[in-house]
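Based on the hints, put chain B in the right spot on chain A.
Protein chains in written order, with this note's numbering: chain A, 1245 to 1355; chain B, 55 to 164.
Treat the hints with care, as some may be off.
Claimed, not checked - Below 27 Å or equal to it, Euclidean Cα-Cα: the simulated DSSO-like pairs (lysine-lysine) are:
(1) B:Lys111 to A:Lys1336
(2) B:Lys111 to A:Lys1286
(3) A:Lys1342 to A:Lys1311
What the hints assert, rightly or not - Just so you have them, the derived chain B footprint on chain A, three or more residues with Cβ under 8 Å:
(4) 1252-1258
(5) 1265-1271
(6) 1277-1291
These are computed hints drawn from the structure, not numbers from a lab. All values derive from a computational prediction rather than experimental measurement. The beta carbon of each residue, even a glycine, is placed where N, CA and C say it ideally should be.
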Amino acid sequence: QKEVEQDPGPLSVPEGAIVSLNCTYSNSAFQYFMWYRQYSRKGPELLMYTYSSGNKEDGRFTAQVDKSSKYISLFIRDSQPSDSATYLCAMKDTGFQKLVFGTGTRLLVSP
Amino acid sequence: KAGVTQTPRYLIKTRGQQVTLSCSPISGHRSVSWYQQTPGQGLQFLFEYFSETQRNKGNFPGRFSGRQFSNSRSEMNVSTLELGDSALYLCASRAEETQYFGPGTRLLVL
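The shape of chain A in the complex, shown without the other chains (with noise of 0.2 Å):
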């Protein structure tokens, strides 16, 4: 079993829908959380950081966290054609640099 689990879509959606992208983890250790957006042929742009359990928003994104469920989320509100990405989730636990990546969920917005 991966230590992070990460549905590869593609998930497709209409321009403007709510897109809801998940990943599971099975480390306790894990207390930071990343999702980094990768375009085709491109490295991974980070999107959201946030440290151990919580919200947090930064326009028209919002990434919990919940600790206790292993689990963690990134919400896209409005989104365009430009979102089709791959979304990448990944953490870290605290003072070791590794970051331990999802497989990715291809999303596509069609216009």
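Same frame as chain A, now just chain B:
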């Protein structure tokens, strides 16, 4: 600030050869990590360097090595290339607990 830069962007090698990839972190960042991305395995951690010292290493064979220079620039070397080494190699520059990735070097081994 300029982002993380990686050179070369694309590389084609044959089995048995060796390759060296370069990474320049964001100005002021002293930590550099390397990752391998493949369709089958996703993103996997190779190693991390901080102030010219390797601090963490992933589960890769000894053919994969790296180093960091006093200006924080880092190089990664893969010796005796295998077909399975074909991948996107990503470098990440760290500020506190956050890592910022470069565009990657796409390596194709024939």
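- Which earlier hints can't be squared with this structure? The structure breaks hints 4, 5; every other hint is satisfied.
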